[in-house]
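**Q** Chains A and B are the protein sequences, given in the same order.
Residue numbering for the first sequence follows my numbering, beginning at 1 and increasing consecutively.
Residue numbering for the second sequence follows my numbering, beginning at 1 and increasing consecutively.
This list has only true hints and no planted wrong ones.
A pair counts as met if it fits within one copy or between any two copies, since identical chains are not told apart.
In silico lysine to any residue, SDA-like type, Cα no more than 20 angstroms apart, as pairs:
#1 Lys-105 x Asp-151
#2 Lys-73 x Ala-33
#3 Lys-177 x Arg-188
#4 Lys-106 x Thr-146
#5 Lys-73 x Ala-119
#6 Lys-106 x His-62
#7 Lys-73 x Ala-118
#8 Lys-73 x Pro-132
#9 Lys-226 x Thr-146
#10 Lys-73 x Ile-37
#11 Lys-233 x Arg-156
#12 Lys-106 x Gly-181
#13 Lys-73 x Thr-131
#14 Lys-106 x Gly-48
Since the hints were made in silico from the structure, they are not lab data.
2 protein chains.
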Amino acid sequence: MRYVLQIGYDGTAFSGSQRQPGARTVQGVVEGAAADIFGVTTAVAFSGRTDAGVHAAGQICHLDGQTSVPPHKLREVFNRLLPPDVRVLASAAAPAGFDCTRGAKKKTYCYRMYAAPAAHPLLERYAVRVTPPPDLNAMRSAARLTVGEHDFAAFRASGSSAKTSVRTLYAVDISQKSVWGMPMWELRVTGNGFLYNMVRILAGELCAIGQGRAEERSLTEAFIVKERALLDKTMPARGLILERVDYGLLLFEEEAQ
Amino acid sequence: MRYVLQIGYDGTAFSGSQRQPGARTVQGVVEGAAADIFGVTTAVAFSGRTDAGVHAAGQICHLDGQTSVPPHKLREVFNRLLPPDVRVLASAAAPAGFDCTRGAKKKTYCYRMYAAPAAHPLLERYAVRVTPPPDLNAMRSAARLTVGEHDFAAFRASGSSAKTSVRTLYAVDISQKSVWGMPMWELRVTGNGFLYNMVRILAGELCAIGQGRAEERSLTEAFIVKERALLDKTMPARGLILERVDYGLLLFEEEAQ
Chain A
1 MRYVLQIGYD
11 GTAFSGSQRQ
21 PGARTVQGVV
31 EGAAADIFGV
41 TTAVAFSGRT
51 DAGVHAAGQI
61 CHLDGQTSVP
71 PHKLREVFNR
81 LLPPDVRVLA
91 SAAAPAGFDC
101 TRGAKKKTYC
111 YRMYAAPAAH
121 PLLERYAVRV
131 TPPPDLNAMR
141 SAARLTVGEH
151 DFAAFRASGS
161 SAKTSVRTLY
171 AVDISQKSVW
181 GMPMWELRVT
191 GNGFLYNMVR
201 ILAGELCAIG
211 QGRAEERSLT
221 EAFIVKERAL
231 LDKTMPARGL
241 ILERVDYGLL
251 LFEEEAQ
Chain B
1 MRYVLQIGYD
11 GTAFSGSQRQ
21 PGARTVQGVV
31 EGAAADIFGV
41 TTAVAFSGRT
51 DAGVHAAGQI
61 CHLDGQTSVP
71 PHKLREVFNR
81 LLPPDVRVLA
91 SAAAPAGFDC
101 TRGAKKKTYC
111 YRMYAAPAAH
121 PLLERYAVRV
131 TPPPDLNAMR
141 SAARLTVGEH
151 DFAAFRASGS
161 SAKTSVRTLY
171 AVDISQKSVW
181 GMPMWELRVT
191 GNGFLYNMVR
201 ILAGELCAIG
211 QGRAEERSLT
221 EAFIVKERAL
231 LDKTMPARGL
241 ILERVDYGLL
251 LFEEEAQ
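Here chain A stands alone, though its shape is the one from the complex (with noise of 0.2 angstroms):
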């Protein structure tokens, strides 16, 4: 039997999702849980991984096994096992055919941004100062060049192994709040796929974008050009939040998200 989870974690500990040997891994803590659960080494998919430090309100994850515990109930079996920097937010039975890896159609990361006089110890964890305060506006304006089909070759850090370098993003916004009286900018990015740090790219263009160090046409030209180095540097991982992963089904009954 197949079961789905939907997981959230703190990456502040871990060195990334992706199972390491000799490393404190998600996927290595969540397979320890599933080993106990199921009296057999477990493997546990996940819709894809995040890199040491990015944190996940809305991770995919799927394993095969038997039980008699009700899926449904699996989540908390599952939660007094793991440690509380990861935790199962809905459980259910797989939908026939499910993989969360290749039926995954769209994913939303959050990437988080501040403004204060120093980094500020409420802030710090999942976020990322920036100054000086970059313009909303400016922001948005170039955000709205890189929604579509585009070639994201020049977004993608060496190394990304990916076939091909051409993705969609579906919705690419930003709001500004006020946490704890500092400005805090969420870029909110949906799109069919990503490329290896292409998210935290995004947000250090977009920011220098606003903060005035460069011009919206950088976006415009690295989709021709696709060379790297015409984008400004790849922003923190903590500031980077896995929000969402959609497959075009209501996976759980109480949807946790």
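Since the structure of chain A is already known, use the hints to place chain B on it.
**A** Just chain B, lined up with the frame of chain A:
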């Protein structure tokens, strides 16, 4: 010369704000940095103490010393010496006769509660999970009964040594928002002073009313009968943030909050 500091801290790893032998406290850490800067043992006064695990975005401190560093630059000098979980957000020369403890006219605290299927790894550090979800309107209606001058003797932990338990609340507001898809309630209380655990007891009782476990009149009864046992449990420290202390003065040229 007297200096005034606005500081923020993540209370998770502190045994409260107040200096204690053999414990890691906010005052101990800030006084350690002050001793390095001024070259002598330097007492740092706080507007008031916060308990173990309570956070602050706008705690106000003062200290006396002599240095050639311009007052508004003291912030940076402190931040080079302080650990990442405490930061000076603003520094200035104190106005004549300023005392951060005796001069505090109003304080604002925020208490954060959320609902989720499990303790959420991205929310649990600065908020407390409550189940079932409380009703916003029931909490708001009850909150209005607490505004004004009342005897808060029932809203005080045993062992509190304040001379009088009469306090005035100027505003008690509750907002609801969605964070990572989970409902989050922020109780914001502004008053002329607070008894030991007063906000945490008030948050617990408002939550109980919102959940239908207590009735609105429990609050007015508690003002009259003055017994702690009439009210629900004290909520955990990690949901409480000292947001602002007001002196009726503009302390910092660039207000950091």
